[in-house]
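Colleague: Take these sequences, add in the hints, and give me the full structure.
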Amino acid sequence: MTASERAREMALSAAQAAADKKAQDIVIIDVADQMVITDAFVLASAPNERQVQAIVDAIEEALVNLPEKAKPVRREGERSGRWVLLDYVDIVVHVQHTEEREFYSLDRLWKDCPTIPFVDRALVEAE
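When the count follows the numbering used here, it moves up by one through the sequence shown with no breaks and lands on 304 for the last residue.
Mixed in with the good hints there might be a few duds.
Claimed, not checked - Straight line, CA to CA, 20 angstroms or less: simulated SDA-like cross-link-like pairs of lysine to any residue:
1) K198 x L262
2) K288 x Q201
3) K199 x R259
4) K248 x D234
5) K246 x V266
6) K198 x S181
7) K199 x E276
8) K198 x E226
9) K248 x T215
10) K199 x R227
11) K246 x S181
12) K199 x A235
Quick caveat, the hints were computed from the structure, so don't treat them as lab data. Quick caveat: nothing in here was measured; it's all calculated off a predicted structure.
Modeller: Written out as C-alpha cells, the structure is:
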C-alpha cells in the first residue's frame, strides 16, 4: 500500500511551499507501508529559527488554500523554532533547523521507505 492521492497532493503542496521559502533538503517519504497513523513524511530544513518559522507559516497557508482545505490537528515545537512538527493525519511535516536535521537524521531512520519525487517548480521554470 502506498500513500493516498490526497496525501500525495498535500505532501507535494507542502514541499513546494517549503521550497518557495528557500527550505533545504526537501524530501517526501512514503511511510504508508510502515505506519498506520500517516501516509507520508515531508522533511525540510533551514539554517535558522526565523526561516524555520517562515517555512512552517508558508506550508500552513498552502495547505489551507487547497481545494479541500487542510489544517494541522497537532502542532509541536513552534516556540523553540528548532524542529516544528505539523500533523495533518494524512501527512506529517517536519521542518527542522539544519543542526537538528543532521543530528536526528530522520532520512536515515526511514531510508528503507520509498520517496515521493518532488521537483521545485522554480527549477523547472528556469530550464
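Colleague: It remains to establish, for every hint, whether it holds in the given structure.
Modeller: Hints, verified against the model:
Pair hint K198 plus L262 holds up; C-alpha atoms about 17 angstroms apart against a cutoff of 20 angstroms. Distance restraint check for K288 and Q201: the Cα-Cα separation of roughly 18 angstroms lies within the 20 angstroms cut-off, and the hinted pair is therefore satisfied. As the CA atoms of K199 and R259 are separated by approximately 16 angstroms, the hinted pair is consistent with the 20 angstroms bound. A hinted pair counts as satisfied when its Cα atoms are at most 20 angstroms apart, and K248 with D234 qualifies at roughly 12 angstroms.
A distance of roughly 13 angstroms separates the Cα atoms of K246 and V266; the hinted pair therefore holds under the 20 angstroms criterion. A C-alpha spacing of about 26 angstroms is found between K198 and S181, which places the hinted pair above 20 angstroms, so the restraint is violated. Using a Cα cut-off of 20 angstroms, the hinted pair K199 and E276 holds, with the two alpha carbons roughly 17 angstroms apart. The suggested pairing of K198 with E226 holds, with an alpha-carbon distance near 13 angstroms, which does not exceed 20 angstroms.
Annotation: proposed proximity of K248 to T215 holds, straight-line Cα distance about 15 angstroms (limit 20 angstroms). Among the hinted pairs, K199 with R227 is consistent with the structure: their alpha-carbon atoms are about 12 angstroms apart, no more than 20 angstroms. Restraint check for K246 and S181: satisfied, since their Cα atoms lie roughly 16 angstroms apart, inside the 20 angstroms limit. Taken as a hint, the K199 and A235 pair is honoured in the structure, with Cα atoms around 11 angstroms apart against an allowance of 20 angstroms.
Checked against the numbered hints above, the structure violates only hint 6.
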